[in-house]
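Listed below are the residues making up each chain.
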Amino acid sequence: MTKALLTGNEAIARGAYEYGVSVASAYPGTPSTEILENIAKYREIRAQWSPNEKVALEVAVGASIAGARTLCAMKHVGVNVAADPLFTYTYTGVNGGLVLVSADDPGMHSSQNEQDNRNYARFAKIGLLEPSDSQEAKEMVGHALEISERFDTPVMLRTTTRISHSKSLVELKDPQERTLREYKKDARKYVAVPANAKVRTHIKHQLLEELKEFSETTELNRVEWGDKKIGVVTSGIAYQYVKEALPHASILKLGFTNPLPLKRIAAFAEQVEQLWVVEELDPVMEEQIRAAGITVHGGKDQLTRIGEYSPSLIRQAVLGATTTTKQPASAPIRPPVLCPGCPHRGVFYALRNNLKVVTGDIGCYTLGAMPPLDSLDTTICMGASIPAALGMEKARPDQAQNIVAVIGDSTFLHSGITGLIDMVYNKGTSTVMILDNRITAMTGHQHHAGTGQTLQGEPASEVDLVALCHAIGVKRVRVVDPGDLAALDQAIKEETAVREPSVIIARRPCALIVKQTEPRLRVNHDKCVGCRMCMRIGCPAISFADKKSSIDPALCVGCKLCQQVCKFGAIVPEEGQ
Amino acid sequence: MKTVSILLVGVGGQGTILASKILSDVALRQGYDVKMTEIHGMAQRGGSVVTQVRMGEKVHSPLIEPGQADYIVAFEQLEALRWLHFLSDEGTMIVNTQRINPMTVITGAAEYPADALEQIKANAPRVVELNALEIAKQLGNMRVVNVVLLGAMAKQMDIPKEDWLASLEATVPPRFLELNRQAFQAGYEA
Numbered sequence: 188m189t190k191a192l193l194t195g196n197e198a199i200a201r202g203a204y205e206y207g208v209s210v211a212s213a214y215p216g217t218p219s220t221e222i223l224e225n226i227a228k229y230r231e232i233r234a235q236w237s238p239n240e241k242v243a244l245e246v247a248v249g250a251s252i253a254g255a256r257t258l259c260a261m262k263h264v265g266v267n268v269a270a271d272p273l274f275t276y277t278y279t280g281v282n283g284g285l286v287l288v289s290a291d292d293p294g295m296h297s298s299q300n301e302q303d304n305r306n307y308a309r310f311a312k313i314g315l316l317e318p319s320d321s322q323e324a325k326e327m328v329g330h331a332l333e334i335s336e337r338f339d340t341p342v343m344l345r346t347t348t349r350i351s352h353s354k355s356l357v358e359l360k361d362p363q364e365r366t367l368r369e370y371k372k373d374a375r376k377y378v379a380v381p382a383n384a385k386v387r388t389h390i391k392h393q394l395l396e397e398l399k400e401f402s403e404t405t406e407l408n409r410v411e412w413g414d415k416k417i418g419v420v421t422s423g424i425a426y427q428y429v430k431e432a433l434p435h436a437s438i439l440k441l442g443f444t445n446p447l448p449l450k451r452i453a454a455f456a457e458q459v460e461q462l463w464v465v466e467e468l469d470p471v472m473e474e475q476i477r478a479a480g481i482t483v484h485g486g487k488d489q490l491t492r493i494g495e496y497s498p499s500l501i502r503q504a505v506l507g508a509t510t511t512t513k514q515p516a517s518a519p520i521r522p523p524v525l526c527p528g529c530p531h532r533g534v535f536y537a538l539r540n541n542l543k544v545v546t547g548d549i550g551c552y553t554l555g556a557m558p559p560l561d562s563l564d565t566t567i568c569m570g571a572s573i574p575a576a577l578g579m580e581k582a583r584p585d586q587a588q589n590i591v592a593v594i595g596d597s598t599f600l601h602s603g604i605t606g607l608i609d610m611v612y613n614k615g616t617s618t619v620m621i622l623d624n625r626i627t628a629m630t631g632h633q634h635h636a637g638t639g640q641t642l643q644g645e646p647a648s649e650v651d652l653v654a655l656c657h658a659i660g661v662k663r664v665r666v667v668d669p670g671d672l673a674a675l676d677q678a679i680k681e682e683t684a685v686r687e688p689s690v691i692i693a694r695r696p697c698a699l700i701v702k703q704t705e706p707r708l709r710v711n712h713d714k715c716v717g718c719r720m721c722m723r724i725g726c727p728a729i730s731f732a733d734k735k736s737s738i739d740p741a742l743c744v745g746c747k748l749c750q751q752v753c754k755f756g757a758i759v760p761e762e763g764q
Numbered sequence: 004m005k006t007v008s009i010l011l012v013g014v015g016g017q018g019t020i021l022a023s024k025i026l027s028d029v030a031l032r033q034g035y036d037v038k039m040t041e042i043h044g045m046a047q048r049g050g051s052v053v054t055q056v057r058m059g060e061k062v063h064s065p066l067i068e069p070g071q072a073d074y075i076v077a078f079e080q081l082e083a084l085r086w087l088h089f090l091s092d093e094g095t096m097i098v099n100t101q102r103i104n105p106m107t108v109i110t111g112a113a114e115y116p117a118d119a120l121e122q123i124k125a126n127a128p129r130v131v132e133l134n135a136l137e138i139a140k141q142l143g144n145m146r147v148v149n150v151v152l153l154g155a156m157a158k159q160m161d162i163p164k165e166d167w168l169a170s171l172e173a174t175v176p177p178r179f180l181e182l183n184r185q186a187f188q189a190g191y192e193a
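Sequences listed follow chains A and B, in order.
Positions 188 to 764 (my numbering) are the ones given, in order, by the first sequence.
Positions 4 to 193 (my numbering) are the ones given, in order, by the second sequence.
Worth flagging that the hints you see were computed from the coordinates, not collected in a lab.
Values in this document were obtained by computation on a predicted structure and should not be read as measured data.
Cβ atoms here follow ideal geometry from the backbone N, Cα and C, with glycine treated the same way.
Check each hint, because a few of them may be wrong.
Unchecked claim - Chain B is faced by these chain A residues, among others (derived, beta-carbon under 7 angstroms): (1) SER353; (2) LYS354; (3) SER355; (4) ALA479; (5) THR482; (6) HIS484; (7) GLY485; (8) GLY494; (9) SER497; (10) PRO515; (11) PRO522; (12) CYS715; (13) GLY717; (14) SER730.
Unchecked claim - Okay, derived cross-link-like pairs now, DSBU-like style, lysine-lysine, Cα gap no bigger than 35 angstroms in a straight line: (15) LYS158/B x LYS376/A; (16) LYS372/A x LYS415/A; (17) LYS747/A x LYS164/B; (18) LYS124/B x LYS190/A; (19) LYS124/B x LYS735/A; (20) LYS61/B x LYS140/B; (21) LYS360/A x LYS24/B; (22) LYS391/A x LYS164/B; (23) LYS714/A x LYS140/B; (24) LYS124/B x LYS440/A; (25) LYS415/A x LYS5/B; (26) LYS228/A x LYS124/B; (27) LYS734/A x LYS140/B; (28) LYS734/A x LYS24/B; (29) LYS61/B x LYS513/A; (30) LYS158/B x LYS440/A; (31) LYS360/A x LYS371/A; (32) LYS416/A x LYS5/B; (33) LYS702/A x LYS24/B; (34) LYS385/A x LYS360/A; (35) LYS5/B x LYS399/A; (36) LYS164/B x LYS487/A; (37) LYS190/A x LYS158/B; (38) LYS190/A x LYS164/B; (39) LYS164/B x LYS360/A; (40) LYS124/B x LYS372/A.
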């Protein structure tokens, strides 16, 4: 038997391979991104990046109706985008099994909120699986597909960052045969008009009752008996923390958590003196358990609903054990920064010099909010930059010439296009900057419909952003190299001055995907007067000591931005390169 | 066997991920259960990065908590200081004396603690310090800092050296193997 040390994401990809998935789709988002990247390695699976999560799920729905086992992956906030198809596909039901992977991010390691997507499973009334390590993550793909086909419903597989990005041992097995279920036209099932949906809702609720019975009997839910003083109901990564914190406690370990096996929980509760419910984030299980009349000794009244758990946090809450933790030393924080040579740096420097109100979006360029660039006024969600600029202009028409929206190329294709249509249609006059670095950079360089390559790196059609903006009705569209500060500054001044919507496409590939060809720069200390102008661009390669700037040759990529801001000609190419 | 907990801490781009891969592979060769966790995303861009590796007969939680780390391998001084309180009462700190200024220091919002090494030595039960960057430079490639540090760590751990070398061979591309062997050896002897 072969075993491998896999992340949760790699294990889910392996599960897709072993359990007969034929079609997989996703939009990248931390911590879910590596699922599709790893599925792409299995040539048997037709896998793709879609422009956004709604499209990805709709592709998966089509594949499922056509009879394929299908997997669709996204980060937690992606499910907000995909919620529309999700809530109706639960009415129509599936043909080939469909598993929706929601990768949540308790602790917000790389997200704008920490919503608990188990609520979506309840809300949409679908089955929910929560793995506690990589082995389970793999196997639960298979369980999810079987449940999906047996109970005619999409199923959610919900991970968290600690599952997605933790490695543990996984047994590898041979893949089962990849077959399609028969496709027969069935309009009464798949055409969700009211007349059909009114029939389907009865079927759906009947199936939900059957799913409840399944939850009571499945081996995905199991009791690990220990000392009966303390009994813990738990799921996901919290199970591992409970095992570590309370090695002698009895545990009802739930792998299938919607619908909850309330009869089993009641029977378990009767056997133990104190019943605890240990779950990260929302009291999703606890509220249902309490509502069923089962006495809960400890839950969210003792354990936080914010952030990640840990063994010591559980030990402290349940046993009252105060661990004398050592205090951290005082150390200046090290926030993430825009990389040396990042094309976004010039954009934010120019915007700050022009004192614009900047509505931002989601991507590396969100880091433009950090000092010293300090250039963003808002960041809400994918695509919000352009509509937010329009809304600001509607609220304060006199400020229209002072508002700029910035959005990345991948984010623009994800959900920026409709915002731009709105701006043109509703007579907005703000300026939109598309920061086109030719890749989805933040999540680790994934291709998208504008890069000319597929998930597998094969050549693909490429969206023409200039033509697209023209087609929407923007007359003023110009492409600028963000490495040229003077050109950027001129473009911002001219485009914000006009009383019509305009788009500036700041186009330069991400510094991490191009090979460095420019000579590195150094500071001529004879000419440096110590004015600190170069410090204002926030480049990690530049430091300041003894009244002079210096450039770290190990970090510099020769982008020349600092050279352009230096008024004394003190920054010069390094000799001998 | 007691579960061994190891933290690898550094700055995004320093190669902590490759180091943790080799470390996990070595642990698997000992027949241990292994769990490893790391945070991607925002932290990749020159921010603080941490990888947690735990090995033993049966490992449940992938998390290492304050006061629990048997070893901390710090790729940078300030990061060593930041994670110092995670070290156990018998723990060993292996610290690269290299300094990388965070943006907060570059902008003048904060000062790099001049006495970071002294604070570490005063509070850690055992400290192994080495200038891994200088060693890597002497070997002709600054990118092998991570493997130099791994060599220094291997010296401290109760795992046969041949297994480390086998893991190195299984993890790094063949054309860089000789360089990495030298880096490992230099760290081992430092």
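Hint check results:
Annotation: interface hint on SER353/A holds; nearest CB of chain B at approximately 4 angstroms, less than 7 angstroms. Checking LYS354/A against chain B by beta carbon gives a least distance of about 4 angstroms; that is within 7 angstroms, so the hint holds. At about 5 angstroms, the closest approach between the beta carbon of SER355/A and any beta carbon in chain B falls short of 7 angstroms, and the interface hint on this residue holds. Because the beta carbon of ALA479/A sits about 29 angstroms from the nearest beta carbon in chain B, more than 7 angstroms, this interface hint is broken.
With 7 angstroms as the threshold, the beta carbon of THR482/A stays out of range of chain B, its nearest partner Cβ sitting at about 28 angstroms, so the hint is violated. The beta carbon of HIS484/A comes no nearer than 23 angstroms to any beta carbon in chain B, farther than 7 angstroms, and the hint placing it at the interface is violated. Against a cut-off of 7 angstroms between C-beta atoms, the interface hint on GLY485/A is violated, since the closest Cβ of chain B lies about 20 angstroms away. Against a cut-off of 7 angstroms between C-beta atoms, the interface hint on GLY494/A is violated, since the closest Cβ of chain B lies about 13 angstroms away.
Satisfaction of the interface hint for SER497/A is found here, the shortest Cβ-Cβ separation to chain B being roughly 5 angstroms, below the 7 angstroms cut-off. Because the closest C-beta pair between PRO515/A and chain B is about 5 angstroms apart, less than 7 angstroms, the hint holds. Taking 7 angstroms as the C-beta cut-off, the interface hint given for PRO522/A holds, the closest approach to chain B being about 6 angstroms. Taken as an interface hint, CYS715/A does not check out: its beta carbon lies about 16 angstroms from the nearest beta carbon of chain B, beyond 7 angstroms.
About 13 angstroms separates the beta-carbon of GLY717/A from the nearest beta-carbon of chain B, more than 7 angstroms, and the hint is not met. The criterion of a C-beta within 7 angstroms of any C-beta in chain B is met by SER730/A, whose closest approach is roughly 6 angstroms, and the hint holds. About 66 angstroms separates the Cα atoms of LYS158/B and LYS376/A, which puts this hinted pair outside 35 angstroms; it is violated. As the CA atoms of LYS372/A and LYS415/A are separated by approximately 55 angstroms, the hinted pair breaks the 35 angstroms bound.
Under the criterion of a C-alpha separation no larger than 35 angstroms, the hint pairing LYS747/A with LYS164/B is inconsistent with the structure, at around 46 angstroms. For the hint linking LYS124/B to LYS190/A, the alpha-carbon distance of about 41 angstroms lies beyond 35 angstroms, and the restraint is violated. For the proposed pair LYS124/B and LYS735/A, the alpha carbon gap of about 32 angstroms is at most 35 angstroms, so the pair holds. Under the criterion of a C-alpha separation no larger than 35 angstroms, the hint pairing LYS61/B with LYS140/B is inconsistent with the structure, at around 40 angstroms.
For the given pair, LYS360/A sits about 23 angstroms from LYS24/B by alpha-carbon distance, which is consistent with the 35 angstroms threshold. Annotation: proposed proximity of LYS391/A to LYS164/B is violated, straight-line Cα distance about 60 angstroms (limit 35 angstroms). The suggested pairing of LYS714/A with LYS140/B holds, with an alpha-carbon distance near 29 angstroms, which does not exceed 35 angstroms. For the proposed pair LYS124/B and LYS440/A, the alpha carbon gap of about 44 angstroms is over 35 angstroms, so the pair is violated.
With a C-alpha separation of about 26 angstroms, the suggested pair LYS415/A and LYS5/B falls inside the 35 angstroms cut-off, and the hint holds. At roughly 47 angstroms between alpha-carbon atoms, LYS228/A and LYS124/B are farther apart than 35 angstroms, so this suggested pair is violated. At roughly 28 angstroms between alpha-carbon atoms, LYS734/A and LYS140/B fall within 35 angstroms of each other, so this suggested pair holds. A threshold of 35 angstroms between alpha carbons decides the hint, and for LYS734/A with LYS24/B the separation of about 42 angstroms lies outside it, so the pair is violated.
With a C-alpha separation of about 26 angstroms, the suggested pairing of LYS61/B with LYS513/A holds against the 35 angstroms cut-off. Taking the CA atoms of LYS158/B and LYS440/A, the gap is about 41 angstroms. The hint is violated against a cut of 35 angstroms. Simply put, LYS360/A and LYS371/A have alpha-carbon atoms about 32 angstroms apart, close enough for the 35 angstroms limit, and the pair holds. In summary, the hint linking LYS416/A to LYS5/B is supported, as the alpha carbons are separated by about 27 angstroms, within the 35 angstroms threshold.
Among the hinted pairs, LYS702/A with LYS24/B is consistent with the structure: their alpha-carbon atoms are about 26 angstroms apart, no more than 35 angstroms. Proposed proximity of LYS385/A and LYS360/A is contradicted: the alpha carbons are some 43 angstroms apart, above 35 angstroms. For the hint linking LYS5/B to LYS399/A, the alpha-carbon distance of about 41 angstroms lies beyond 35 angstroms, and the restraint is violated. Taken as a hint, the LYS164/B and LYS487/A pair is broken in the structure, with Cα atoms around 48 angstroms apart against an allowance of 35 angstroms.
For the suggested pair LYS190/A and LYS158/B, the alpha carbons sit about 28 angstroms apart, so the restraint of at most 35 angstroms is met. Of the supplied pair hints, the one linking LYS190/A and LYS164/B holds, its CA atoms being roughly 23 angstroms apart against a limit of 35 angstroms. A distance of roughly 32 angstroms separates the Cα atoms of LYS164/B and LYS360/A; the hinted pair therefore holds under the 35 angstroms criterion. Pair hint LYS124/B plus LYS372/A does not hold up; C-alpha atoms about 73 angstroms apart against a cutoff of 35 angstroms.
The structure is inconsistent with the numbered hints 4, 5, 6, 7, 8, 12, 13, 15, 16, 17, 18, 20, 22, 24, 26, 28, 30, 34, 35, 36, 40, although it conforms to all the rest.
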